[in-house]
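Sequence lines, in order, name chains A and B. 3 is the number of the first residue of the first sequence in this note's numbering; add one for each residue after it. 3 is the number of the first residue of the second sequence in this note's numbering; add one for each residue after it.
Rather than coming from a laboratory, the hints here were simulated on the basis of the structure. In this text the structure is predicted, and so the values were computed from the model without any measurement. One or more hints might be untrue.
Said to hold, decoys possible - Not everything, but these chain A residues come out facing chain B in the computed CB check (under 8 Å): (1) Ser19; (2) Ser22; (3) Ala28; (4) Met35; (5) Arg38; (6) Gln45; (7) Leu53; (8) Leu58; (9) Leu74.
Claimed, not checked - FRET-style restraints, in silico, Cβ to Cβ: (10) Pro37(A) to Lys87(B): 19 to 27 Å; (11) His82(B) to Asp15(A): 36 to 44 Å; (12) Arg26(A) to Gly177(B): 48 to 56 Å; (13) Ala67(A) to Lys68(B): 38 to 46 Å; (14) Glu44(A) to Asn173(B): 29 to 37 Å.
C-beta atoms are modelled at their ideal positions from N, C-alpha and C, and glycine is treated no differently.
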Amino acid sequence: MLSCREMSELSSDIMESHLSLKNRWAVYMHLRMCPRCKLYLEQLKLTAEVLQKLPLDKQPVDSAAILKQLKLSEDLPGPCNKTAYARS
Amino acid sequence: MDDEQALLKRLRQGDKEALEGVIKLHHAFLIAMATPLVGHELADDVAQETWIKAFSAIKKFEGRSKLRTWLARIAINEAHAIRRKTGREVSFDGWGHDQGSPISTRFNEQGAWDAPPTQWHYDTPEALLTEAELHECIHKHLHKLPDDQQSVVMMRELGGLDYTEIARALNLAEGNIRVLLHRGRQRMHAMLNHFEEVGTC
Numbered sequence: 003m004l005s006c007r008e009m010s011e012l013s014s015d016i017m018e019s020h021l022s023l024k025n026r027w028a029v030y031m032h033l034r035m036c037p038r039c040k041l042y043l044e045q046l047k048l049t050a051e052v053l054q055k056l057p058l059d060k061q062p063v064d065s066a067a068i069l070k071q072l073k074l075s076e077d078l079p080g081p082c083n084k085t086a087y088a089r090s
Numbered sequence: 003m004d005d006e007q008a009l010l011k012r013l014r015q016g017d018k019e020a021l022e023g024v025i026k027l028h029h030a031f032l033i034a035m036a037t038p039l040v041g042h043e044l045a046d047d048v049a050q051e052t053w054i055k056a057f058s059a060i061k062k063f064e065g066r067s068k069l070r071t072w073l074a075r076i077a078i079n080e081a082h083a084i085r086r087k088t089g090r091e092v093s094f095d096g097w098g099h100d101q102g103s104p105i106s107t108r109f110n111e112q113g114a115w116d117a118p119p120t121q122w123h124y125d126t127p128e129a130l131l132t133e134a135e136l137h138e139c140i141h142k143h144l145h146k147l148p149d150d151q152q153s154v155v156m157m158r159e160l161g162g163l164d165y166t167e168i169a170r171a172l173n174l175a176e177g178n179i180r181v182l183l184h185r186g187r188q189r190m191h192a193m194l195n196h197f198e199e200v201g202t203c
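Can you build the whole structure from these sequences, using the hints too?
Structure, rendered in structure tokens:
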């Protein structure tokens, strides 16, 4: 039987389906009867989603100046002679 | 066509506004991600090199990953290249050491909740992020995370990189990366929880 403390330690693994076979059933049973751990897990998931969707364009960035600087060193967008990053 | 596909189309055409727009969207992320890898002074160089490489290869970017993830991959390679070129060693000593659960005091001796989680006002990321004050608070607390946790959270949650890539970039085992990410999430959860309960950062 897993304790709530152990459940909190496993919560990222639960979110990412990275549980050992041994823990899978124990986690499932614990979540069925423990609304507190269920809520913690939901909130941790929400925290991850908030970070994934966090806008980063609120900070002042002088994009025109950066682009100008880049254009001094290369013609942009240049010919695709660099293939290292092509297939992502 | 979603926003990113539309943006990519314009980038491939060399649309100046789109080039500026994409810099505005991701430059701060690239700097924040590169800083622990090369130090503060060289992070700008990493970002510059990343843009040069990215813009010259944009026509071949197939869009199978998110644009930011692709940029993050380039930035990590550029950070390594700059480190090699400058002979600069950045110390990752102590990275990956687990500092333990930040919520251990919320459990009793038997491991049951003493201070259980309480309901938040919002239950979607979009709803939570409508509060401008919360944005600032998240940024502030992201920077307050221990360096190793901050780096992993940036690469995984904000950058969308997978565990293998992060482990390689930071020269740590995947198991360490998972623990660091979990601790980082727990700390950021504690921050959000405080904001939801008290209403201030």
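Hints, one by one, checked against the model:
Using the Cβ-Cβ criterion of 8 Å, the hint placing serine 19(A) at the interface with chain B is not satisfied: the shortest such distance is roughly 12 Å. At a threshold of 8 Å, the smallest CB-CB gap from serine 22(A) to chain B is about 13 Å, leaving the interface hint violated. Violation of the interface hint for alanine 28(A) is found here, the shortest Cβ-Cβ separation to chain B being roughly 13 Å, above the 8 Å cut-off. Given the 8 Å rule on beta carbons, the hint for methionine 35(A) is violated: about 12 Å separates it from the nearest Cβ of chain B.
The beta carbon of arginine 38(A) comes within 4 Å of a beta carbon in chain B, closer than 8 Å, and the hint placing it at the interface holds. Interface restraint check: glutamine 45(A) against chain B, minimum CB-CB distance 6 Å, threshold 8 Å, status holds. At its closest, the beta carbon of leucine 53(A) sits 4 Å from a beta carbon of chain B; the interface hint therefore holds under the 8 Å criterion. This hint holds: leucine 58(A) has a C-beta 5 Å from the nearest C-beta of chain B, less than the 8 Å allowed.
A cut of 8 Å between beta carbons decides the hint on leucine 74(A): the least distance to chain B is about 11 Å, and the hint is violated. Taking 19 to 27 Å as the suggested C-beta distance range, the pair proline 37(A) and lysine 87(B) does not conform, at roughly 55 Å. Separation of histidine 82(B) from aspartate 15(A) is about 29 Å and departs from the stated range, judged on CB atoms against 36 to 44 Å. A hinted range of 48 to 56 Å is violated for the C-beta pair arginine 26(A) and glycine 177(B), which are about 19 Å apart.
The hint said 38 to 46 Å for the Cβ distance between alanine 67(A) and lysine 68(B), and at roughly 26 Å that hint is violated. Against the hinted window of 29 to 37 Å, the Cβ-Cβ separation of glutamate 44(A) and asparagine 173(B) comes to about 34 Å, which satisfies the hint.
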